[in-house]
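Quick note, the sequences are listed as chains Z and U, same order. Take the position in the first sequence, starting the count at 1, then add 239; the result is the number in my numbering. Take the position in the second sequence, starting the count at 1, then add 270; the result is the number in my numbering.
A portion of the hints provided could be inaccurate.
Straight-line alpha carbon distances no greater than 30 Å define the calculated BS3-like cross-link-like pairs of lysine-lysine that follow [as the list claims (entries may be wrong)]:
#1 K490(U) <-> K519(Z)
#2 K395(Z) <-> K443(Z)
#3 K244(Z) <-> K394(U)
#4 K519(Z) <-> K394(U)
Hints were generated in silico from the structure; no laboratory data involved.
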Amino acid sequence: MAMYKNFDEIAVRARDMGPKRAAILFPGDADVMQATSEGIREGLINPVFIGKKAQIEAVAQEIHLPFGAMEIIDQSDPQVAANLCLDMVMSGEVSFVVKGNILTTYLYRALIRATRQLAPDQTPCTLCFHQVPIINKIFVITDPGVSILPDLTTKKQILANAIQVLRSLDCDTPRIMALAAVHLDGKPSIVVDHAERLKNMADKVRFGKCTMEIGTTLFDFFDGNHVQAETFPDIFLVPNIEAGNILVKTIDHLIGGIRQCVTVGAGLITLTPSRSDGYKARMENLALGLVLAESSRRS
Amino acid sequence: MLPRFQEIMKRAQQQKKKRVVISGKRNPEALSAILAARDQGWIDPVAYGGPLSELRDKMDVHFVDSNTLQARQEALRLLEEGEAEALLDMGPLDSRFFSLLIESDAQNKKNHLLSYVSVFIAPKNGRLTLLTDTLINSAPGLNEKVHIVENAIHVAKDLRIDRPNIAALGPLELVNPSIPSTLDAAILSKMSERKQFGDSILEGPLGLDNAESALAAQHKGIDSPVPGNVDIYLFPDLESANITAQFLKYLGSCQLGGVLAGTKLPIIIRSPLESPDSWLLNIALGLIVNRGI
Numbered sequence: 240m241a242m243y244k245n246f247d248e249i250a251v252r253a254r255d256m257g258p259k260r261a262a263i264l265f266p267g268d269a270d271v272m273q274a275t276s277e278g279i280r281e282g283l284i285n286p287v288f289i290g291k292k293a294q295i296e297a298v299a300q301e302i303h304l305p306f307g308a309m310e311i312i313d314q315s316d317p318q319v320a321a322n323l324c325l326d327m328v329m330s331g332e333v334s335f336v337v338k339g340n341i342l343t344t345y346l347y348r349a350l351i352r353a354t355r356q357l358a359p360d361q362t363p364c365t366l367c368f369h370q371v372p373i374i375n376k377i378f379v380i381t382d383p384g385v386s387i388l389p390d391l392t393t394k395k396q397i398l399a400n401a402i403q404v405l406r407s408l409d410c411d412t413p414r415i416m417a418l419a420a421v422h423l424d425g426k427p428s429i430v431v432d433h434a435e436r437l438k439n440m441a442d443k444v445r446f447g448k449c450t451m452e453i454g455t456t457l458f459d460f461f462d463g464n465h466v467q468a469e470t471f472p473d474i475f476l477v478p479n480i481e482a483g484n485i486l487v488k489t490i491d492h493l494i495g496g497i498r499q500c501v502t503v504g505a506g507l508i509t510l511t512p513s514r515s516d517g518y519k520a521r522m523e524n525l526a527l528g529l530v531l532a533e534s535s536r537r538s
Numbered sequence: 271m272l273p274r275f276q277e278i279m280k281r282a283q284q285q286k287k288k289r290v291v292i293s294g295k296r297n298p299e300a301l302s303a304i305l306a307a308r309d310q311g312w313i314d315p316v317a318y319g320g321p322l323s324e325l326r327d328k329m330d331v332h333f334v335d336s337n338t339l340q341a342r343q344e345a346l347r348l349l350e351e352g353e354a355e356a357l358l359d360m361g362p363l364d365s366r367f368f369s370l371l372i373e374s375d376a377q378n379k380k381n382h383l384l385s386y387v388s389v390f391i392a393p394k395n396g397r398l399t400l401l402t403d404t405l406i407n408s409a410p411g412l413n414e415k416v417h418i419v420e421n422a423i424h425v426a427k428d429l430r431i432d433r434p435n436i437a438a439l440g441p442l443e444l445v446n447p448s449i450p451s452t453l454d455a456a457i458l459s460k461m462s463e464r465k466q467f468g469d470s471i472l473e474g475p476l477g478l479d480n481a482e483s484a485l486a487a488q489h490k491g492i493d494s495p496v497p498g499n500v501d502i503y504l505f506p507d508l509e510s511a512n513i514t515a516q517f518l519k520y521l522g523s524c525q526l527g528g529v530l531a532g533t534k535l536p537i538i539i540r541s542p543l544e545s546p547d548s549w550l551l552n553i554a555l556g557l558i559v560n561r562g563i
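Turn these sequences into a full structure, and let the hints guide you.
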């Protein structure tokens, strides 16, 4: 099967699956609490709040959310709280974690720890799902979030992780492009070298069914301004955090795309919504988390 | 063509006609742009080298017994000696051509680095925006970035951006010792504060989201006039610059132009980032920048 065309398709699928229990990490903020309350109303989540209880109750009161029936775990230490959230995903108590008002680093650290426990040969990575006006398909860019300058082994783990996630979304034979620049100085490029080695592994079916190419240009996918969705890559592997981070934000701000990010390790799903997300974006983020969590559990 | 690009073409036309030596291999799109620039009175082209001898019916061709490499050397020599006012190389862009450029550059200008500046019009506000270095310096260190910034400021000023705002991009706004680009951006930002880049403002490190939005930057406690008003994006490395430019071109449907910066006189090329129909824009850009480094 091919990749989802847009986030609306994912939202439709999520409504069939939900609601599921989700851990909301440090929700002591009106924006986060509002988003959670909307997620409940849309039938996507049943939340468990982990954070400073008094603060959570105060914010709930502020936005008129009845907190009597709310499930709250009182934990003021951000790292302990993040670790607890991941423990709850591992034990199956919740389907996924949603980051609230807390530094992302705590959540990443907890996810790295949990991934090591479950699958020592895996590395968590951030997958950014993009929907852009001129392509009738969602595509993924990885890893713009966790690994700063991944070596070949880490890139291999990132790629395996991304492929596994896409397969859980029924994208059976993902098309992958390892992005690289043309180097005119004639010096050997470590980025191209890594890309060639990964392609070699992919060609030998080390990542299961997929196709892979090294991409120094997107020219081949375009006929004028018309893009061929069927051949356009499903996964773009970026060489480092800088290229990835700048690229995903360029797509948001200069190309008019919509982005939803998840960070995944060993099938454990964490969501890192942005504070500036509007209602639709927040619901799409929860929907993606739900579909991924349920699909990876199923597969 | 977009209005800001039309202005650039108009300025090329208003300048005194330049004698341009043409080198490289014959390229139909380049040739048609050269002839258009000639017909509009921007340039007086003269081709060099045996591979271009078939252009005889269109312009003077010299050095017909030489191959592309020899003709390129001769064309660069003419430029260095002031017998030509600009050089246009039709390609192919390869490491041999760049070695020639760097050698001749070193003889000319002592330690001034070559870099490439891509130019596009930001779709949301029509702003002429520069991206650098999208082509040449693979993994620039701080020293190289200082030159890349100076080159880009020079290009911006020639494009009548009098006081350019520069965003030194990184994956985040905090300085992280494990991410060298954030250190470089912070040092460049301090250099800018101390007026080491003249009349310009460089801010960094900035994530692209905060560079694009004054409000988002304010939320992060960044008090600077650069966010939301960026003229020049300085990228951490070639990969991030080149990949971003590719996506802008193809997924963002942005027309890209480009100009080689840091040369004493205009050397006009077309990078693989630009479409073949950008040759004329690149000629115009080449003619109005690169003056007087």
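### Query
For this structure, which hints from the list above don't hold up?
Per hint list: zero violations.
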